[in-house]
Amino acid sequence: MSSVKYEIRKNTYYDSVTLMLISKEIKKIDGVKEALVGMGTDLNKELAENLAISNDDIRNLSPNDFFVTVLADDNVQIETISAEVDKLLSNKKKSNESDYMPPTLESALKHEPESNIVVISVAGEYAAAEAKKALNNNLHVMLFSDNVSIEDERELKELACQKGLLMMGPDCGTAIINNVPLAFANVVRKGHIGIVGASGTGTQEVTVIIDKLGEGVSQVIGTGGRDLKAEIGGLMMLQGIEALKNDPQTKVIVLISKPPAEEVAEKVLKAIENSPKPVVVDFIGGDRKLIEKYGAYSCVSLEDAARKAVALLRGEEVRDFEGFSLPDEEIEKIVDREVAKFDKTQKYLRAYYTGGTLADEAMKLLSSSIGNIYSNIPLTPEYKLEDVRVSKEHTCIDFGDDEFTRGKPHPMIDPVSRVERLMKEDDEEVAVLLMDFVLGYGSHEDPVGEMLPAIKEAKERMAKKGKYLCVVGSVCGTENDPQDLRESQRRLEEAGVIVMPSNAQAVRLAGLILNKIK
Amino acid sequence: MNATDISKELYKVIQDKEVRGQIHSVFDNSFNVLDENSKLISFLGPNKPMAPYSIRIKEKISFLDLGLEKGQQLTFFKDFVSIGSTDIVIHYNKALLWDSSPILFQDKRLARDSIENVFTKLSLMAEFILNEGKKEGIFPLLKTLKDKIKYIDKLFDDTITLSKKEDFIKDRFLSFMDSYISEDVEKLPQSASKVVGYGIGLTPSMDDFLSGIMASRIYLSSYLNLDLKKAYEINEAIIKNINNKTTLVSQEMMKCSSRGEVNEDFRSLIISLLANRGIDDFYKYLEKVSDFGETSGTDIICGVYIGSLIMLNEYLGG
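Line by line, the protein sequences are chains A and B.
Counting from 377, one number per residue, gives the positions in the first sequence under the working numbering.
Counting from 16, one number per residue, gives the positions in the second sequence under the working numbering.
Treat the hints as calculated values from the structure; they're not laboratory data.
Quick caveat, the model's predicted, so the values are computed rather than measured.
Quick reminder that beta carbons are idealized off the backbone N, C-alpha and C, glycines included.
One should not assume that every hint holds.
[Said to hold, decoys possible] Keeping only pairs whose Cα atoms sit at most 30 Å apart, straight-line, the calculated DSBU-like set for lysine-lysine is:
{"id": "1", "chain 1": "A", "residue 1": "Lys386", "chain 2": "B", "residue 2": "Lys150"}
{"id": "2", "chain 1": "A", "residue 1": "Lys539", "chain 2": "A", "residue 2": "Lys653"}
{"id": "3", "chain 1": "A", "residue 1": "Lys509", "chain 2": "B", "residue 2": "Lys109"}
{"id": "4", "chain 1": "B", "residue 1": "Lys179", "chain 2": "A", "residue 2": "Lys400"}
{"id": "5", "chain 1": "A", "residue 1": "Lys665", "chain 2": "A", "residue 2": "Lys653"}
{"id": "6", "chain 1": "A", "residue 1": "Lys841", "chain 2": "B", "residue 2": "Lys179"}
{"id": "7", "chain 1": "B", "residue 1": "Lys299", "chain 2": "A", "residue 2": "Lys768"}
{"id": "8", "chain 1": "B", "residue 1": "Lys185", "chain 2": "A", "residue 2": "Lys409"}
[Said to hold, decoys possible] Have a look at the derived ranges for each label pair, beta carbon to beta carbon:
{"id": "9", "chain 1": "A", "residue 1": "Ile405", "chain 2": "B", "residue 2": "Ser190", "range": "29 to 39 Å"}
{"id": "10", "chain 1": "B", "residue 1": "Asn258", "chain 2": "A", "residue 2": "Arg530", "range": "24 to 34 Å"}
{"id": "11", "chain 1": "B", "residue 1": "Asp102", "chain 2": "A", "residue 2": "Asn514", "range": "22 to 32 Å"}
{"id": "12", "chain 1": "A", "residue 1": "Asn426", "chain 2": "B", "residue 2": "Tyr330", "range": "49 to 59 Å"}
{"id": "13", "chain 1": "A", "residue 1": "Asn514", "chain 2": "B", "residue 2": "Lys245", "range": "53 to 63 Å"}
{"id": "14", "chain 1": "B", "residue 1": "Lys109", "chain 2": "A", "residue 2": "Lys409", "range": "55 to 65 Å"}
{"id": "15", "chain 1": "A", "residue 1": "Pro858", "chain 2": "B", "residue 2": "Glu84", "range": "34 to 44 Å"}
{"id": "16", "chain 1": "B", "residue 1": "Leu177", "chain 2": "A", "residue 2": "Ile405", "range": "40 to 50 Å"}
{"id": "17", "chain 1": "A", "residue 1": "Ser744", "chain 2": "B", "residue 2": "Ser190", "range": "51 to 61 Å"}
{"id": "18", "chain 1": "B", "residue 1": "Asp193", "chain 2": "A", "residue 2": "Asp462", "range": "15 to 25 Å"}
{"id": "19", "chain 1": "A", "residue 1": "Lys665", "chain 2": "B", "residue 2": "Asp162", "range": "30 to 40 Å"}
[To be verified] Counterexamples of contact, computed for chain B against chain A with all Cβ distances above 12 Å:
{"id": "20", "residue": "Phe42"}
{"id": "21", "residue": "Ser208"}
{"id": "22", "residue": "Asn240"}
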């Protein structure tokens, strides 16, 4: 049973940032079905009435009274709500003891004159000008902003090359410089593997697996996704390679990118030919023979790239990793157990990703075994979803792509678009749901917690129809990330999710299950 | 402690007679005082923009840590204010006087930008709202205006769905917008009073939006050389019935906005929209205003955007 519970604080004022935070957190309390937080204006009181969470005390509020009212299961105590409000207010007070935040580059440089790198995240049309200003001040740049024209990108990178600076981006999602994670990045131990990456979550996945294998990174240099296009010519990847070649901490170099333009691939590979340091190259799904022709190590997956780099660093034998961390018998058991639970009509995959490169890797690894996959970022144009909001047969969605992020935060920051999709979709022919959970700085404070209710509900919905939904996932995160890797994995497993140690292994397992159904 | 700025109007009142008041609310970077005439006086931290009827303090301190509490008595003397049960004295005898009156285009220092450029800046403003704005306030409701106001398509996306709360207010919001667009001063008091106070914050989202709409009407009327009297008349109709419908802080803010009196960043934003100033300036103030509160800044920008489009469309016969 549910009932209305409320808390009133007469003549009490909180700033709107606090009120919004309270509102969001109260809604997350288990058992809370509806919630309204605000000042007792007539309109908010009417709204409470309309949502059926009002009573006489709320009706009698004045506009200068603060209130929280919820419709919640009977086992939710009002004390829980009050405690949550108090906890948030106290956290807020602590976080208000904030540092000076300079409003312009000039004032930032006055405040921190020793700085030599600037992270820029402003609207695209202003980003190039800011980046140019920074480069002219002899600062390395990480340009997080997107919507910068390719002409501007070329000009900025040429300027950076002339000045011997790094111009990471535009649309550069991740970097780790001198052990400091920038933008979306995991807390990876310091070590001797240097990475230049043109793909955000791809780079994160490699760094995380290196950390899991017990090694660390020297520098992680992002280039932005277009760096290896013909128009840019890999200027920053070449700059990054030179930097890592000259970095005494770097013993092994890893290059990560989606398949580059042919002439750019040759240019980049020539730059590593005869490198004194071993180089691992993962042009995700790209031409392996070409890479090997220039003496580099090619890869079958992002995980394979990480494993090869670690093996090279340790002087171990280097070989392709195409299997699982678990013994084959264990994997077979999992596959048999899952397949036995499906109804005869269930056969399709839904792959819902927050990381674009991880989604791309999933499609490349799976398409040869399960067939064509529809997507908003398809491998071939004929499998582009007509309506990206409606899945079809095997479907893989990158929720970080423009259609889903227009006017909204990236799903790694706020996974609401993926949650809503899962809550809404009701395709009884789906057998396997494949997902990523990206931890680290920049990401949502609890990506797993945000998805769990939707996963549980999707599973229950299928169970009510006599079906079974197999959910396979991987967590891209390290033990030292702020979100608690172990707890994230434990909660996923408790909800019936099969958690694999990497995206590649999660994808392979999903492939085995779907093939066995056939 | 010392004040760096004091609003001209407040300073004049204090010079005329001793003013007493009591603390109404305290936040980290500001606190509010209610005087004997129930007028709100705000004390602002050094990083806050000057606002009507305010005093800005030089020292960077947390007012919460100062031990200020609701109900404490204050007395404003000619040169300083003392806070009763504390040792705190704030001197304003060397503070700069800040005039909250709108800076209109009658002032020769302001050169109008062309209407084409204003439209371009409005389009940038829409992009800014979409890319940088906080969407939990008024934003989803703007979708309902799609067929009412020319050129606002950019703000809409069919994937925006209205929550139960937005569904609840939608019809009233549309009714208000209808009376606003048709400049129906008979219907405006009633339709505005039915939407005022909607939203979560101390200045609820709808109130911030209305402030944006009202301030932009004063400035656009001046920019387009229209009759300012009519603009004031429409704004007066909007605020006519808002007493006790919203928080006191919000009520005061709306009354000031109806006269075109807004804080200095908000004012600079509207001026940089309409005057021939650099685009960097415009963007700088968009960012500054968007940082107000949680959704307040975005809600104000949405008000300025919608208000400006309505005025320009009307002027151009759209």
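Tested hints:
1. For the hint pairing Lys386 (chain A) with Lys150 (chain B), the CA-to-CA distance comes to about 29 Å; that is within 30 Å, so the pair holds.
2. Distance hint between Lys539 (chain A) and Lys653 (chain A) is fulfilled; the C-alpha atoms sit about 25 Å from each other, no more than 30 Å.
3. Taking the CA atoms of Lys509 (chain A) and Lys109 (chain B), the gap is near 38 Å; set against the 30 Å cutoff, the hint is violated.
4. The straight-line distance between the Cα atoms of Lys179 (chain B) and Lys400 (chain A) is roughly 15 Å, inside the 30 Å bound, and the hint therefore holds.
5. Of the supplied pair hints, the one linking Lys665 (chain A) and Lys653 (chain A) holds, its CA atoms being roughly 20 Å apart against a limit of 30 Å.
6. Restraint check for Lys841 (chain A) and Lys179 (chain B): satisfied, since their Cα atoms lie roughly 29 Å apart, inside the 30 Å limit.
7. Distance restraint check for Lys299 (chain B) and Lys768 (chain A): the Cα-Cα separation of roughly 45 Å exceeds the 30 Å cut-off, and the hinted pair is therefore not satisfied.
8. As the CA atoms of Lys185 (chain B) and Lys409 (chain A) are separated by approximately 22 Å, the hinted pair is consistent with the 30 Å bound.
9. Distance hint for Ile405 (chain A) and Ser190 (chain B): a CB-CB separation of about 35 Å, consistent with the stated range 29 to 39 Å.
10. Take Asn258 (chain B) and Arg530 (chain A): their Cβ atoms lie about 59 Å apart, and the range 24 to 34 Å is violated.
11. The beta-carbon spacing between Asp102 (chain B) and Asn514 (chain A), approximately 49 Å, falls outside the hinted interval of 22 to 32 Å.
12. One distance hint, 49 to 59 Å for the beta-carbon pair Asn426 (chain A) and Tyr330 (chain B), is violated here, with the actual separation near 38 Å.
13. Restraint check, Asn514 (chain A) to Lys245 (chain B): a C-beta distance of roughly 55 Å satisfies the suggested window 53 to 63 Å.
14. Distance hint for Lys109 (chain B) and Lys409 (chain A): a CB-CB separation of about 57 Å, consistent with the stated range 55 to 65 Å.
15. At roughly 35 Å, the beta-carbon separation of Pro858 (chain A) and Glu84 (chain B) lies within the given 34 to 44 Å, and the hint holds.
16. Leu177 (chain B) and Ile405 (chain A) have their C-beta atoms about 24 Å apart, which leaves the hinted 40 to 50 Å range violated.
17. At roughly 59 Å, the beta-carbon separation of Ser744 (chain A) and Ser190 (chain B) lies within the given 51 to 61 Å, and the hint holds.
18. Taking 15 to 25 Å as the suggested C-beta distance range, the pair Asp193 (chain B) and Asp462 (chain A) does not conform, at roughly 43 Å.
19. A C-beta distance of roughly 58 Å is found between Lys665 (chain A) and Asp162 (chain B), which places it outside the suggested range of 30 to 40 Å.
20. A cut-off of 12 Å between C-beta atoms contradicts the statement that Phe42 (chain B) is not in contact with chain A; the least separation is 5 Å.
21. With 12 Å as the threshold on Cβ separation, the claim that Ser208 (chain B) sits away from chain A is violated: the shortest Cβ distance comes to roughly 8 Å.
22. Against chain A, the non-interface label of Asn240 (chain B) holds: every CB pair exceeds 12 Å, the least being about 31 Å.
Of the numbered hints stated above, those contradicted by the structure are hints 3, 7, 10, 11, 12, 16, 18, 19, 20, 21, listed in ascending order.
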